[in-house]
Each structure stands twice: as structure tokens, then as C-alpha cells.
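J.: The chain contents come next:
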Amino acid sequence: MSDTWLPALAVLSSLLPGLVIFFLAESRIRLRTALNLIGALAKIALIGIMLWGVLNDHEYVFRHTVLPGLDLVLKADALALLFVSLSAVLWLFTTLYAIGYLEGAPNRSRFFGFFSLCVTATVGVAMAGNLFTFFLFYELLTLATYPLVVHRGTDKALRAGHVYLAYTLAGGALLLIGTVWLYSLAGQVDFVHGGSLAALPPGTAGQLQVIFLILIAGLGVKAALVPLHGWLPMAMVAPAPVSALLHAVAVVKAGAFGIVRVVYEVYGIEFAQSLALLLPLAIAASITIIWGSLRALFQDDLKRRLAYSTVSQVSYIVLGVTLFGPLGTIGGLVHLVHQGIMKITLFFCAGNYAETLGIHKVSEMDGVGRRMPWTTLAFSLGAFGMIGVPPLAGFISKWYLGLGALEAGMPWVLAVLAASSLLNAAYFLPILHRAWFKPAGGAWPDEQIPQRGRWETAPLLLIPPLATAAATLVVGLFAAAAISPLSWAELIAVREYLAWIP
Amino acid sequence: MTDLLDPLPWLIVLPLAWGTLAFLLGPGRGGRLAIAAIALQLMLALQLAGQLLGNGARVHAVGGWGAPLGIDLMADGLAAVMLLLTQAVALPLAVFARGYFAASPKGRELFWPLTGFLLAALNALFLSADLFNIYVTLELLGLAAVGLVAIAGGRQPVTAAMRYLLATLLGSGAYLLGVALIYGTYGSVSLAVLTPLVTGDAPLAVTLATALMLAGLLLKTALFPFHFWLPPAHGGAPAPVSALLSALVIKATFYLVLRLWLELFAPLTTVAAAQLLGILGVAAILWGSVLALTQSRLKMLVAYSTVAQVGYLFLLFPLATLVPPGVADSAVQGGVMQAVAHGLAKAAMFAAAGSMIVATGRDDIGHLGGVGARLPLTLFSFGLAGVTLMGLPPSAGFSAKWLLLTAALESGQWGWVAVMIVGGLLTAAYVFKVLRRAFLPMAAGDRVTRVPRTLEFSAFALALASILLGLFGAPLLYLLAIGRAA
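Protein chains in written order, with the numbering used here: chain R, 1 to 502; chain A, 1001 to 1486.
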């Protein structure tokens, strides 16, 4: 009984608080905060139960028939839980951060309402058990994030929202076409280890290739694959907690995760390889990695630089997926978690600089390390992690991606990884140099939060980035521990490949 | 006799009775009576649906006389779905109308009696078993609807009403001519008698009759290019009236087109005719959406959206004509689901628009700033209804789109797929045009007052129903299958 309802409850644990929050008066701050935190903690508890179960070979499935031949399926398997755990934990930190960030700002009930819907959609995306369910939550994610992107209501924000909608709704339309086509060809396509399309008659191979292209294009919009990435740098006008959501917790991850599901559990990695689909995807991911890094080099706006960095880093996940062999899989999947932790740290810090001192540009960051040492320390950990300095999280990802490339017989990928690491260093190290070693150039642009004793900024703004920065270190240092993201990714890889290795 | 408890005649008698009573009570009175009576009608419709699910389609001879002397009433799955839709939309709208006319009394004098007659005509139309009775209900429906458009008075609404009157009379005239030709050929107007008689080699008069009847009904359904009368009529009437007309009245004539096409005229249908209907549907989707995008008045935008959404209904004809039975079933299910989805969502949207207009005191999209902050529930309802119209999941609109897309793909008709996808994106464009204005802060010199809660909650109930039906739509499809030739 509880086996079927746990996944549904995990979705509801943020949906219900969200719906209540919409109708709370602005002044009910305590009740709103309580609802947010209860939802976040309940979700983590539910996920904890399911993690334990899945580790012991249990699967939790909720199924509801919407129309004959069209089921809504929520399934907590190892892959789903990898993404859900990341989202749930980061959501908790982002909520705390957002409470501090938006203190005194208008329209907070609306903000937190959509914020909760957004996480609901992400959990749904993660636990979707078939393409239809995935599509449902993927579209819900679009609708729930739009009001957050335009939250400030400025012309710039509205324009960004416009672009965001145009890209994501078009992407959703492609995903719908691909899904209906696949359903009409193969019936209801549930996500299963090893995929299920290999059993179709060989005459359909051509159609399946086209469908793959359509699906990946639809998912690639949110995953910000070049040239479908245009919305992401524009959307950085949104408030910092929303950027954290877009870049680390929800949106780009939903796209990348969708690609993982389609390759491994719809087509099956071996079948995708036999249809010659993996190499083109690897090339697209490589181009994205290099292009995103190159563009990041030339951005003076800190959040824009981080946004282009996301374009580049998310494609590591896609690249890992395309490397045929368990090691590449592990590298891609573990980066799903690692990129989230690192990038959310960086965006939290960027938000702190902007809120505390009014710093928005890299060129304004001279000497900020002395005024805000803790924030800058967290930023540095995130940046070194992105570059891939051992023993931080990013190093683990790159190590496995490199091994995976060799295993898959694609040594040129090593060159991509090396070039990307150099570029990462080229756009992150100057920031660190300015922050730590250059003297401050007079007054800060717009100092809002004064130093209070040891607190360089508001506590709720400082604790979340420190926690996630610490996590960057911990998941790297203790990658070999039994419950690290790496071990979990290994568990998934074993199950994905066992499905077809007799 | 158990006959006395049969829901079929009561579904017609009840609204006639409360409409008359409301008239006798005097101007503007009878709202509470109407709400209670419509609630009863909804229960009767549910009871009927339950009976059909248990025992299959059936015929009721009014007064025990039966055809050809008396009047037969006929209920199958399709009729039951339309009856359910009608009562389910009318109930929240009646609650809405009571609040709306309290806040904005223009036109309240005759609203309740005319609405009673309108609902009686709709219910009778869905239950009619012969072509001539259908004609009578069509005329009653048209006159009640024209009356409702005109009740607010003023030059613009009356002009719109006159245009509407012309269209509806022309439409029913053409229909009647067709019925006369059929009667002349076969000597009967009963659907049950005629259906086996009409065959592929029917005389020219019957082909002509088919064309006349369908053309008349298309005019009344406002399918492109016959939509000219709709936007001023639906956009100019008081909000509860716009909602009734857009959600229900045009669906009645669509229902007739569908029934005649699938049953009586099935032997005469051709792929070319079906393609023509589909192409008109495409034109409606594109033209209606583009014009909706260019409107500056909120209710005109919603009215043009109806022009576009009517187009989707007609995509079912090329998908259901001369294709394998499984595909045809899926197409018909999709079309009917779209009719229901649009009925609920458009009623919600017009109701929400009405609340926004009452609150801001003007019908102008440019002055919606502040609505999001002051009337969050109303804006949320508008958004949910928009989700259904865009065809995003989970909503009845999505279920409809899914069924139609499946039918299109399985019969290899790719063109319609592209149209449905593009139409969805265009819908998103005009829905978000409203939403993003309403999210902005209030402009200087504007006002947004609160509106009675009944206005907000009735719109929300309709919008929520259109979403929930997307999650629990399977029973509706089972009901629809009753009485359809397998």
C-alpha cells in the first residue's frame, strides 16, 4: 500500500504547501515559512525512506490511468532518486536562502507559491515512469518557472520571460510530437532498465532515429544545448534564488535528466549505439562545452558568466551519457549531482555580492575577499570544483568522464575535457585573483547590508552557500563512501548495464 | 409508472418551468430558484449517465405515445456527455451570474427567464430523435441566445444581436429546407426510420439536403468563414451570457453536425468533404488565434479564442472519415473531449474576464496591472483555463489533443499534427499576453476593486473541472461509447 503512495506523496509534499501559500496574505510570514520548511523536510524524509528501499532492491510505483492506453506513472528507482535527492536537499537550502534574500520584498506569497510548484514539477520529472508523465511535469516546470523569471516585473525581466517561454514552449511542443509518435509506434513506453525499443521491427529504425532527434531537440532546449541555449543567459535577470533553481535544482537538470532517460531507458544504450545516435549527440555536447566556456570568458556580468558556465557544464552530463560503457555513465550521472552542488554555491555567492554590496560585475569585485571572506571562500571552492581541482566534486566527474571516453574508444573527448578545464580556469581564476589579491577600489557600488560583528551579510544568505560549498568538498573527498553520489551513480550504472549483459 | 421518474423529460420540463416562473416573478428575480433547479438538473443528468452505463442507449416516448404520432426522446452516450456538460457548466455560471448582476446590473431584467429557455432548448436538442424536433429546438435556442445578447441594451450589443439573429435564422432556414427535402424523399423525419434508408446511392435531393443542413449548422457553429457574427455577439454581451454562448450554444450545433455526419449521413460522406471541414478548421485556428493576439479588449480576445478553438473541433472529421475504426474512435473521442474541455475552460475564462472587468471598471488588456495582486484566484482560474486551451497536461484540453494527435499519426495525416502543435503555441501567445499584463503592478490612475467571492470561486470551479477532467477522463470516454456502432 505505502509502496504505491510514497512517490505520489513525495510530489504532494511540495504541491500542497505551494497551493496553500498562494492564498496566504503577504503578512503571514511565519506561517508561510513554516509551510515551506515542513514541505521541504517532509520531502527529504520521504526520499530517505525510498532511498533505503531502493538500495534493498525495492521499487516504488504509483500508476493512474488518465485515458485508455495513457498512464500517469510515478516510479522511484535508483536513477529517479539520484535526481530527487539532489533537488530536495538543494530546495531546502534555496528556500532558506530565498527567505533571507526576499526579506521585505513585495509579492512573496506568489513567489513562494510558484517556487513550490517548480520543485513539485522537478520531483515529477525525476520520478516520471514513462514519457507522458515526464512530458506532463516538464511542461508544468515551464509554467511554474515563468512567473519566477519575470518576478521583478521590469521590462528586462519581461523580455527575458518572453524569450524563456518561446524557447521552452517550442521545446515542449517538440517533446510532445516525439512522445505521441513513439506511443503510436510502440504503445505505452515505460522507462525500463536497458530500454524497450530494441524489440520493435527493424523497418522502424529510420523513424526511431527521427524521433530520437525530435526528443533530444525538445529536451535540449532546457538542457541548453547549443544552439538552443539562448534563453539561459537572458534569464539571469531573475532573482538569485531563481537562478539557483534554473541552473542547479530544476530546469537545466530536467532537460539533461530527460536525455538520460531517453537514452538509457527508452532506447537503451546499446540500441542507441546500434542506431548510430550516440556519436552525433557526443559531438553536440562537446561543441556546447567549448562554446559555453568561450562565451563565459568574455562576460563582465558575473551572473552572465556563470550562466554560460552552466551551458558548458550541463553538457558534461550529456557527454557522459553518450560515452558507451559504464564509466562514462557514472561520470555523466555523478556530474548531475556535482554540477548542481557547485553551481548553486556560485549563484548563492553571486546573489550575496549583489545583495550585500551591489556588486554585479566581475570588474567591481576587486578586494571583495577581505570584506566578505566567507562568501568568497565558498565561491572559490565552487570555482575550483568547476575547474576540476582534486579532491573537489568536479574532479571526480571529469576523472570518470575521461576514463569513460577511453573505454568507449573516443580519445578525442579527452581533448575536449582538457580544453574545457583550461577555459574554466581562464574565466574563474581572474575572478578569484581580483577578489583575494587586488586592493578594494574605494566604496562598494551599493552597500545594502552592513557588517554586523562576525556576520559579513545576513545569516540566511551566508549559511546556504557555506553548506553547499562544504558539500562540494565532502562529496569529492568521500566519493568512495557507501552513500556518496558516486556510489549511487555506480549502482545505477550496474543496473543499467546488467539489464542487457546476459 | 416509473416513467414519471424518468430523467429524460424532466431535463426539458424543469428549465422551461423555472424560466417561466422567473419571468413571472419579475425583472431580475429568480436567481436562487435557477441555481437550485440547475443543481437538480445536474443530478438528473448524472442519473441518466448512470442508467446508460448500466443498460445502454434508450428511447423515451413522451406521454407513452411514441413515433410517429407522439414525440420520441433518445439518449445515447454522446447525448449524455453533452447533457452533463451543459448542466455542469450552467450551475457555476448561474452562481456567477447572480453575483455578477448584483455588481453590474445592466441587463439583469431578462437574464433568468431567457437562460431557462436556453437550457431547455439545449437539453431538448440533445435528446431529440427526429429532424423536425431538432429544428424546433434550434429555433428556440437561437432566439433565446439572440435575446441574451441584446439584454444589456445599447447600440453595439443590439447591432451584434441583430447580426447574430440574421446568421441564426439563415442557418436554421437552410437546415429546415434540407429537412423538407428529406421528408419529400423518404416521407419521414425520424432519425431511427431514416438511418437505414439513406444509402450511398441516395437521390440528388438527399445530397442537396445534406449540404444545406450541414452548411446551416456550420453557420450557427461559427466555423470559419462563418464566424463573422461571433466576436461582436460573444464579446459584447454581459460576461455570464458570453460564457453560456461560447461554452454551450455553439457546441449544440457542433453536436448536430457530428451526429448527422457519423450516423444519418455516414453513407454520403466523402474524404473530400471531410478534408474540406478540416481545412476550414485549420483556417479557423490560425485566423482566430492571430486575431485574438491583436485584440486590445479582453473579452474580444476571449471571443476570438472561441473562433480558433471551434477549429479544433472540426479536425476530427478528416481523422474520423474512411479510416480504420480504431483511428476513427480515437478521433471522435478527441473531438468530443475538445468540446467538453473548451466548454468548461471557456466558461471559466469568460467568467474570470468578467470579474476582471468588474474589478478594473473597464474592458482593456492594457489596464490589467494589479489584477494579479488583488484577484489572485481569478487570475489563477484564467491561467488554468488557458492551460486547457493550450492543450498542456494535465487537462481535458490535453487529453483531446492527445487523442486527435494519435488519430492523425496512426492514419499518417501529418498536416493536422503540425496544425495542432502550432495552434497550441499561438494559444499560449495570447493567453500569456493577458497573464503578463495582469502580473504587473497597478498603473497610476487605475483601480482594481475586490469582487464578490462567488464570482471568483465559480470561475475557479469551472477551471478546476477542466483540469481534473484531464486526470479522470476515462469514464467520459466509456460513457461516450454507449450506443455508438462498434
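Hints are not guaranteed to be accurate.
Across the chosen pairs, the derived CB separations fall in these ranges [to be verified]: (1) A:A1418 - R:A418: 39 to 45 Å; (2) A:R1362 - R:F22: 38 to 44 Å; (3) R:E26 - A:N1055: 30 to 36 Å; (4) A:K1106 - R:R30: 40 to 46 Å; (5) R:L24 - A:L1169: 27 to 33 Å; (6) A:L1468 - R:A34: 25 to 31 Å; (7) R:F22 - A:L1166: 55 to 61 Å; (8) A:L1024 - R:F22: 50 to 56 Å; (9) R:E270 - A:V1271: 42 to 48 Å.
These are calculated hints, taken from the structure and not from any lab test. Using N, Cα and C, we set each Cβ at its ideal position, and we do this for glycine too.
J.: Hints numbered earlier in the text: which of these fail when held up against the supplied structure?
T.: Failing hints, ascending: 2, 3, 5, 7 and 8.
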